[in-house]
Amino acid sequence: MYKYDEYDHAMVAARVAEFSDQVRRRLAGEITEDQFKPLRLMNGLYLQLHAYMLRVAVPYGTLDSRQMRMLAHIARKYDRDYGHFTTRQNIQYNWIKLEDAPAILEDLASVEMHAIQTSGNCIRNISSDQWAGAAADEITDPRPWAELLRQWSSFHPEFSYLPRKFKIAVIAADEDRAAMRLHDIGIQIVEKDGVHGAAFYVGGGMGRTPMIAPLIKDFVPLEDMLSYAEACLRVYNRYGRRDNIYKARIKILIHELGADEYRRQVEEEFAHVKSLGIDPPKAEFDRIAKQFAPPALDASAPDAIDRSDPDFAVWVDQNVAAHKVPGHAIVNISLKPIGGIPGDASSAQIDLMADLAERYSHDELRVTHAQNIVLPHVRKADLYAIWQALDAAGLATPNLDLISDIIACPGLDYCSLANARSIPVAQKIAARFSDLGRQKELGELKLKISGCINACGHHHAGHIGILGVDRKGTENYQLLLGGSGAEDVSLGTITGPGFDEDGIVDAIERVTDRYLAERSEGERFVDTFRRVGMAPFKEAIYG
Amino acid sequence: MVEHLQTGGEEPCVTLDAFLEQSNATAVRLEPDEDARALIPFLDRLALIEVAFPKFRDGRGYSSARILREAGYTGELRAQGDVLVDQIAYMKRCGFDSFAPEKPINPADVEAALTRWPAHYQGAADGAVPIWKLRHG
Numbered sequence: 001m002y003k004y005d006e007y008d009h010a011m012v013a014a015r016v017a018e019f020s021d022q023v024r025r026r027l028a029g030e031i032t033e034d035q036f037k038p039l040r041l042m043n044g045l046y047l048q049l050h051a052y053m054l055r056v057a058v059p060y061g062t063l064d065s066r067q068m069r070m071l072a073h074i075a076r077k078y079d080r081d082y083g084h085f086t087t088r089q090n091i092q093y094n095w096i097k098l099e100d101a102p103a104i105l106e107d108l109a110s111v112e113m114h115a116i117q118t119s120g121n122c123i124r125n126i127s128s129d130q131w132a133g134a135a136a137d138e139i140t141d142p143r144p145w146a147e148l149l150r151q152w153s154s155f156h157p158e159f160s161y162l163p164r165k166f167k168i169a170v171i172a173a174d175e176d177r178a179a180m181r182l183h184d185i186g187i188q189i190v191e192k193d194g195v196h197g198a199a200f201y202v203g204g205g206m207g208r209t210p211m212i213a214p215l216i217k218d219f220v221p222l223e224d225m226l227s228y229a230e231a232c233l234r235v236y237n238r239y240g241r242r243d244n245i246y247k248a249r250i251k252i253l254i255h256e257l258g259a260d261e262y263r264r265q266v267e268e269e270f271a272h273v274k275s276l277g278i279d280p281p282k283a284e285f286d287r288i289a290k291q292f293a294p295p296a297l298d299a300s301a302p303d304a305i306d307r308s309d310p311d312f313a314v315w316v317d318q319n320v321a322a323h324k325v326p327g328h329a330i331v332n333i334s335l336k337p338i339g340g341i342p343g344d345a346s347s348a349q350i351d352l353m354a355d356l357a358e359r360y361s362h363d364e365l366r367v368t369h370a371q372n373i374v375l376p377h378v379r380k381a382d383l384y385a386i387w388q389a390l391d392a393a394g395l396a397t398p399n400l401d402l403i404s405d406i407i408a409c410p411g412l413d414y415c416s417l418a419n420a421r422s423i424p425v426a427q428k429i430a431a432r433f434s435d436l437g438r439q440k441e442l443g444e445l446k447l448k449i450s451g452c453i454n455a456c457g458h459h460h461a462g463h464i465g466i467l468g469v470d471r472k473g474t475e476n477y478q479l480l481l482g483g484s485g486a487e488d489v490s491l492g493t494i495t496g497p498g499f500d501e502d503g504i505v506d507a508i509e510r511v512t513d514r515y516l517a518e519r520s521e522g523e524r525f526v527d528t529f530r531r532v533g534m535a536p537f538k539e540a541i542y543g
Numbered sequence: 001m002v003e004h005l006q007t008g009g010e011e012p013c014v015t016l017d018a019f020l021e022q023s024n025a026t027a028v029r030l031e032p033d034e035d036a037r038a039l040i041p042f043l044d045r046l047a048l049i050e051v052a053f054p055k056f057r058d059g060r061g062y063s064s065a066r067i068l069r070e071a072g073y074t075g076e077l078r079a080q081g082d083v084l085v086d087q088i089a090y091m092k093r094c095g096f097d098s099f100a101p102e103k104p105i106n107p108a109d110v111e112a113a114l115t116r117w118p119a120h121y122q123g124a125a126d127g128a129v130p131i132w133k134l135r136h137g
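So the protein sequences, as listed, match chains A and B.
Here UniProt numbering is used: the first residue of the first sequence is 1, the next is one more, and so on.
Here UniProt numbering is used: the first residue of the second sequence is 1, the next is one more, and so on.
These are computed hints drawn from the structure, not numbers from a lab.
These figures come from a predicted structure and were not determined experimentally.
Beta carbons: idealized from backbone N, C-alpha and C, even for Gly.
Worth double-checking, as some hints may not be accurate.
[Unchecked claim] Restraint ranges, calculated between C-beta atoms of paired labels, are given here:
1. Thr-26(B) <-> Asp-488(A): 58 to 64 Å
2. Arg-208(A) <-> Thr-115(B): 39 to 45 Å
3. Asp-109(B) <-> Asn-244(A): 29 to 35 Å
4. Pro-221(A) <-> Ser-23(B): 31 to 37 Å
5. Lys-192(A) <-> Ser-23(B): 35 to 41 Å
6. Leu-215(A) <-> Asn-24(B): 23 to 29 Å
7. Arg-530(A) <-> Leu-43(B): 31 to 37 Å
[Claimed, not checked] Covered stretches of chain B, as calculated for chain A (at least 3 residues, CB under 8 Å):
8. 43 to 52
9. 79 to 90
10. 114 to 123
11. 131 to 137
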């Protein structure tokens, strides 16, 4: 894990001091809400329907037990005893008082955390693969690069008033667990002739105009990564649209220019930017990488798992993934209990997960974009003890990647942008499919719900996606099929007319029934959909 | 330290179009949608480039400033318009050395904003040594 040095500490402290002063000036009426808004947003503070919401950055989703406990402390002390883990691997608190925000940021700074650039038209928290450093299929740990990008993008003087927000993801495996190509910049560390480089995909995103990022450069030498990113951003900052907020993301610029013309402009800018010497030397990368050195895992640890407890065995089969070191495993903790709010965890649950990480997972946790938590480095021999502790805390739902492992935005229950509620729909779907045997029969099925067209719930990338809209003053839910945020990235297609809250649950059941009738051996839902197309599903839904 | 906190009233700037057409002017004003690189052939005879910020949210002027400094411009580079105290530190990093805010800013607040940051993570146009270089000497 990356540990702050004196410079990192000083920068975060300066930011806390700056924001404290800005809050003071706002409370004293010295600056208007209009002037304050971009400042609070760059510190993760939104004004929502009922209260301020604070979004805390979890850089590339990695944190240790001390940091996790601080998240519980904040929930307990300043909020209503829970937090909400987000699709950007962050956590947000829904009931924050403006006057408490400086104290919260100070508490966060004490454990090397912050809320810097978790909102606003700037470069947001860098996201990454939640299994980084543990997955067998990665060519290297992507997080040192993500940390290098974090530092480069923090308080970037040129790119803090971009046309719109800007999200970067970094992965280093062919299996894409971070929805990399649905980011403004998706970077995949790749290998060519024994040398690592960065493939740059630019101009992806969801929102009202979803786009899959085209490949802009297949191999950027790693020592040029920051210059190349700077060139990508400068072209966007200068030429991205500012006349219409809905057309301001980089995906629209690249769509309008064409990938080839955008690439030409970036290459021209890069030729200039590279001469400025903004890329740190290898020694700086090595300093960072050293802190992500793999934990000392005993490769001779026993590989066998005692499966005599059937409930435990079910959980192992669904929620535990292979680790690159024999005798070890990756534990995925589902924050999607049937009837719960996707991504929510109580202070006590957060503390418990911190305890388990400290005791069993080399003090590391990860937040996933699917709103779950990972213990990345666990001995197989400890799995049963971990499961028992999770089960006692309501955290052992064995539904990873099943239909009830739903991504959902906060929706109209919290969000001032939403048109419809997401949470009750997620709860009704989970209740309808609560039988685990039925879920397992359906297999991998990624269901994602957004309460408005901004797509925070990733509905475009769901095998089944739901979009809540407002139709003449009533909530209406559109159904999409066939999306994916993984390496088989695709955008879902709308089935047809929308449904009310109960109607959408019925429609999903008709879709899954049809899948079971149509599927061939070994096909996931999305595979069947791709093979047979929309027509049979449409017929099943609308008759 | 604020080199120049302008209140206006000195040498008038010409528009970019006017400058490119006639030009013996030594002061030019750049709007957000105008290409700073059009001025590169003339930098050695310009004494003042004023970059307009009609709305503080429009950040194109930050790139314009850096492009001009990166091309070797050493004259006065002024941010004019909706320039607020909370933007000034970033503007300075991008190469601005004078500020003409439409609404007056308290000089003490400017001083605080410009002295707040102990260091900077990335290189920009102000000559500051980035943190990675401080780390490695």
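Right, here's what the structure says about each hint:
1. At about 59 Å, the CB distance of Thr-26(B) to Asp-488(A) agrees with the hint of 58 to 64 Å.
2. Distance hint for Arg-208(A) and Thr-115(B): a CB-CB separation of about 43 Å, consistent with the stated range 39 to 45 Å.
3. Taking the beta carbon of each, Asp-109(B) and Asn-244(A) are about 33 Å apart, inside 29 to 35 Å as hinted.
4. For Pro-221(A) paired with Ser-23(B), a C-beta distance near 42 Å fails the hint of 31 to 37 Å.
5. The supplied range of 35 to 41 Å is broken by Lys-192(A) and Ser-23(B), whose beta-carbon atoms lie about 50 Å from each other.
6. Checked against the hint of 23 to 29 Å, the pair Leu-215(A) and Asn-24(B) fails, with Cβ atoms roughly 49 Å apart.
7. Checked against the hint of 31 to 37 Å, the pair Arg-530(A) and Leu-43(B) fails, with Cβ atoms roughly 56 Å apart.
8. For a cut-off of 8 Å, the count of residues in the region 43 to 52 of chain B with a CB near a CB of chain A stands at 0, and the three-residue condition is violated.
9. Counting residues of the region 79 to 90 of chain B whose CB lies closer than 8 Å to any CB of chain A gives 5, so the stated coverage by that chain holds, three being the minimum.
10. Against chain A, the region 114 to 123 of chain B contributes 8 residues with a C-beta closer than 8 Å to a partner C-beta. That satisfies the three-residue criterion, and the hint holds.
11. Judged by the Cβ-Cβ criterion of 8 Å, the region 131 to 137 of chain B is covered by chain A as claimed, because 6 of its residues qualify and three suffice.
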